[in-house]
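Visitor: The listed protein sequences derive, respectively, from chains A and B.
Those letters in the first sequence? Residues 1 to 497, by our numbering.
Those letters in the second sequence? Residues 498 to 817, by our numbering.
Rather than coming from a laboratory, the hints here were simulated on the basis of the structure.
C-beta: ideal position from N, C-alpha, C; glycine also.
One thing to keep in mind: the hints can contain errors.
Unchecked claim - A few chain A residues that don't get close to chain B, going by computed Cβ distances all over 10 Å: (1) Asp21; (2) Tyr24; (3) His37; (4) Lys54; (5) Phe84; (6) Leu126; (7) Phe172; (8) Gly207; (9) Ser224; (10) Ala226; (11) Ala254; (12) Gly320; (13) Asn376; (14) Arg404; (15) Gln438.
As the list claims (entries may be wrong) - With a straight-line Cα cutoff of 25 Å, these simulated DMTMM-like cross-link-like pairs (lysine to aspartate or glutamate) come out: (16) A:Lys57 / B:Asp599; (17) B:Lys709 / B:Glu633; (18) A:Lys196 / B:Asp599; (19) A:Lys57 / A:Glu212; (20) A:Lys16 / A:Asp434; (21) A:Lys344 / A:Asp163; (22) A:Lys54 / B:Glu602; (23) A:Lys196 / A:Glu52; (24) A:Lys196 / A:Glu39; (25) A:Lys196 / B:Glu602; (26) A:Lys468 / A:Glu436; (27) A:Lys468 / A:Asp21; (28) A:Lys196 / A:Glu436; (29) B:Lys558 / B:Glu626; (30) A:Lys57 / B:Glu602.
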Amino acid sequence: MISAGHATILATPAFKNYQLDSAYDEMFTPAGVTRPHYEALVTYLNQLSPEEVKRRKHSADISFLNQGITFTVYGRKEGTERIFPNDLVPRILLAEEWRKIELGLEQRIIALNHFLHDIYHEGRILNDGVVPREVVYSCRQFRRQMMGIQVPRNIYITVIGSDLIRLQNGEFVVLEDNLRVPSGVSYMLTSRMVMKRIFPQLYQQYGVQPIEHYPRVLLSTLRSLAPEGRPEPTIVLLTPGVYNSAYFEHAYLARQMGIELVEGRDLAVHDNVVYMRTTSGLQRIDVIYRRIDDDFIDPLAFRADSILGVPGLFNAYRAGNVTLANAIGTGVADDKAMYAYVPKIIKYYLGSDPIINNVDTYLLTNDAQRQHVLANLNKLVVKAVGESGGYGMLIGPHSTAEEREEFARRIQADPRNYIAQETLLFSRAPCLLDDEFQSRHVDLRPYILYGDRVTVVPGGLTRVALRKGSIVVNSSQGGGSKDTWVLNEPDVKQENN
Amino acid sequence: MLSRVADSLYWMSRYLERANYTSRLIDVNFNLMLDESAPSSVNRWHRVIRVLGSPKNLHWKGDPYGFAHCLSLDTACPSSIISCITSARENARQVREEISSDQWERLNMLYHQITQANLREMQQGPPTEFLQAVMEGVQLFQGASETTMLHGEGWHFIRIGRFLERALGVAALLDVYTAEFWDTAAKHPEGHEYLEWIGLLRSCAAFEAYCKVYTADITPERILEFLLLQQEFPHTVRFCIESVRDALEMVQEHRGNRRSAPLDRVSGRLKAMLCYADLNEVLETGVGAFLREIIRHCLEIQQLIYRLFIDYSVESALAG
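Using the sequences plus the hints, can you model the full thing?
Guide: See below:
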């Protein structure tokens, strides 16, 4: 009876091009039955006329444009500012699904932080042969300058965004970790704000766990990392400037936290103390939430040609006079080749098995694995270990023979620089495209904060590969986002009712 | 407040004020053009160029619509309205966290509105709707600044930018007008001459306010007195300078009252020049000289602001 009722949803004109196959669908079971927690949403959307849906979509887009919620696309003169495409259909996660993700991420982050402290100090995990030395020392993100440096509370990774995908069996796995300067959290926050305005009744009816406290928690996390003896720390957010693709986010977070948004040219270092230039003179700075890569942060310590950074900042950091979050050198732990070792890293430091699994990964420095990958390039995904943003990637099944030859050559020339994985079938979720519902591949990037404690904000950014069939969700490559609703625990919901 | 932020707020505000002023200037001139012969209208467009400081890339080619189009929408012309709004928005973008969301949204909406305006329609007649949109947009922004922004240091820098720009604009306008008309001005102008003087008042949004004070009895002397020395109307030079001085006062208070003697002296002297001036004395020394003295003081104030709050050297700050 139920399935008959819901089969009609998929039979309606709005769903006529909806693709339902072996990929996990967030809204429908393989038989085409609406999953119970999506029923209210389906009912609601169904009662809106196509014009009304269109009107609300338009109203949301205008709201994003006028608020200037845009990102910058590199390499184009015109229209360098674009709104981040936001899909109106929320992705809904059950409290129990979320609980496992939360525990799994907490475990993962704590283990990775232990790992970073270890490799920049005694290197036990290397001495014990769990992670090969050469994988660490050959990583471009490994910073010799960090050896032996003490960081506040031993916290290296303060802000983390890990990318999860859901496989055919419904299980979430980690695809990669972003431990350097993960972005996107502002889109999570603003898309929630817009959704609450566009679908107020639906939102209330569902009982969704709030995410609005993120800026406050970020601020207290940063405060907990202040250098000793600075009880009232001055905290700033360091941005590369207005031409950076994530500038909107930097400004947004600074405003939400009530801290100064500074650029390199606003800062000066004197006697290993960092100051900012204000209209009232120089003011001392204690904690820097930096959104500039290691390479560019201090031309004296790293890339000398950087004009974004602050000369002398690294010395002030080494002297313990200022905290950088995230610490320098964290990229060694989100290197895609290091990723393959994360389950072992978790086992080594915490003695437990990973709660969220990894995706099987071929290391191309291993002869047998490399031969296998080269022979099967048309089936596999190959990624450059240091790249992000969907650049430097070969998706075997969608590639041309030329591209495969090119990658084969590159792999043989520098096997350490690449890894390969099976082509995974990401889950799909319904999106409103061209006035109808179509299914598109999605991932999930939750944000984790680590200071005096670990906080995982419920939900995260669900990124959508808006092009049909595409599995690349990065905003620079035609991706969009949708709001992610983690439902309240069932008993909490009853209390509210 | 960060020095760079003060710098951006100041220029954001100046550019918006300039866009507003330029829009009004074009609007008023189109309106006057309806009532007069072609030669005197050409003369007046040339005057507009001089009032704007004869900017490069802005040339009179014989066609008022083409000229207005260039001054409104030509991105290659740095004095065009669209260039001003774009620069204001770029500055606002640099300080997104400092201004309120309402301010940003008003400015951003204005930017999107005019960059997407249908340009072909504009070619065919006076760009009245475009100019209206700019003036309204700027007013909305200024309203949002009054009501939604913390009236702290940043707000005062916005006021300094707005009123310095406005004072410079009105002074330049008076300078060009008096140089051209003063010696030949009738005591009670008639006909076209009357329209010219009303045009001057309208260019400063001051026609109604003038009538409230002096009735519709238009005389050049009263207009000069009003636009220079009137205390209560926001587009007179005196009002602007008093506002700048007040805002500077507040900025210095934010510095824990570490006062700067040169800044106090220059702004105080300029204020006194206007508060205690007598029109007859001004006329005796020469209106042009008086106006240029005002402009020189305004520029000196700007230089001092930069030296004290924005462009200081790290060594001097550590020593002090």
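Visitor: Each hint needs a verdict: does it hold in this structure or not?
Guide: Hints, verified against the model:
With a cut of 10 Å on Cβ distances, aspartate 21 of chain A stays outside the contact zone with chain B, its closest approach being about 41 Å. The Cβ of tyrosine 24 of chain A sits about 38 Å from the closest Cβ of chain B, beyond the 10 Å cut-off, so the non-interface label holds. Non-interface status of histidine 37 of chain A relative to chain B is upheld: no Cβ of that chain comes within 10 Å, the nearest being about 33 Å off. For lysine 54 of chain A, the non-interface assignment is confirmed: its Cβ lies about 20 Å from the closest Cβ of chain B, beyond the 10 Å cut-off.
At roughly 15 Å from the closest C-beta of chain B, the C-beta of phenylalanine 84 of chain A stays outside 10 Å, upholding its exclusion from the interface. The claim that leucine 126 of chain A is not at the interface with chain B holds, since no C-beta of that chain comes within 10 Å of its own (minimum 42 Å). No beta-carbon of chain B is positioned within 10 Å of the beta-carbon of phenylalanine 172 of chain A; the least distance is around 35 Å. Every CB of chain B is more than 10 Å from the CB of glycine 207 of chain A (nearest about 28 Å), matching its label as outside the interface.
Even its closest Cβ contact with chain B, about 22 Å, leaves serine 224 of chain A beyond 10 Å, as expected for a residue assigned away from the interface. Every C-beta of chain B lies more than 10 Å from that of alanine 226 of chain A, the closest at about 20 Å, which supports listing it as non-interface. Its beta-carbon lying about 4 Å from the closest one in chain B, alanine 254 of chain A breaks the requirement of being farther than 10 Å from that chain. In this structure glycine 320 of chain A is separated from chain B by more than 10 Å, as the shortest Cβ-Cβ distance comes to about 21 Å.
No beta-carbon of chain B is positioned within 10 Å of the beta-carbon of asparagine 376 of chain A; the least distance is around 48 Å. At roughly 43 Å, the least C-beta separation between arginine 404 of chain A and chain B is larger than 10 Å, which holds for a residue marked as non-interface. Even its closest Cβ contact with chain B, about 29 Å, leaves glutamine 438 of chain A beyond 10 Å, as expected for a residue assigned away from the interface. For the hint linking lysine 57 of chain A to aspartate 599 of chain B, the alpha-carbon distance of about 22 Å falls within 25 Å, and the restraint holds.
Proposed proximity of lysine 709 of chain B and glutamate 633 of chain B is supported: the alpha carbons are some 23 Å apart, at most 25 Å. Between the alpha carbons of lysine 196 of chain A and aspartate 599 of chain B the distance comes to roughly 19 Å, so the proposed pair stays at or under 25 Å and holds. As the CA atoms of lysine 57 of chain A and glutamate 212 of chain A are separated by approximately 23 Å, the hinted pair is consistent with the 25 Å bound. Of the pairs offered as hints, the one joining lysine 16 of chain A and aspartate 434 of chain A holds, with about 12 Å between alpha carbons and a cut-off of 25 Å not exceeded.
Between lysine 344 of chain A and aspartate 163 of chain A the alpha-carbon distance is near 19 Å, which keeps this suggested pair within the 25 Å criterion. Between lysine 54 of chain A and glutamate 602 of chain B the alpha-carbon distance is near 23 Å, which keeps this suggested pair within the 25 Å criterion. At roughly 16 Å between alpha-carbon atoms, lysine 196 of chain A and glutamate 52 of chain A fall within 25 Å of each other, so this suggested pair holds. For the given pair, lysine 196 of chain A sits about 19 Å from glutamate 39 of chain A by alpha-carbon distance, which is consistent with the 25 Å threshold.
For the suggested pair lysine 196 of chain A and glutamate 602 of chain B, the alpha carbons sit about 19 Å apart, so the restraint of at most 25 Å is met. For the hint linking lysine 468 of chain A to glutamate 436 of chain A, the alpha-carbon distance of about 13 Å falls within 25 Å, and the restraint holds. For the proposed pair lysine 468 of chain A and aspartate 21 of chain A, the alpha carbon gap of about 14 Å is at most 25 Å, so the pair holds. For the hint pairing lysine 196 of chain A with glutamate 436 of chain A, the CA-to-CA distance comes to about 22 Å; that is within 25 Å, so the pair holds.
Restraint check for lysine 558 of chain B and glutamate 626 of chain B: satisfied, since their Cα atoms lie roughly 23 Å apart, inside the 25 Å limit. A C-alpha spacing of about 19 Å is found between lysine 57 of chain A and glutamate 602 of chain B, which places the hinted pair at or below 25 Å, so the restraint holds.
Hint 11 from the list above is the single one not met by this structure.
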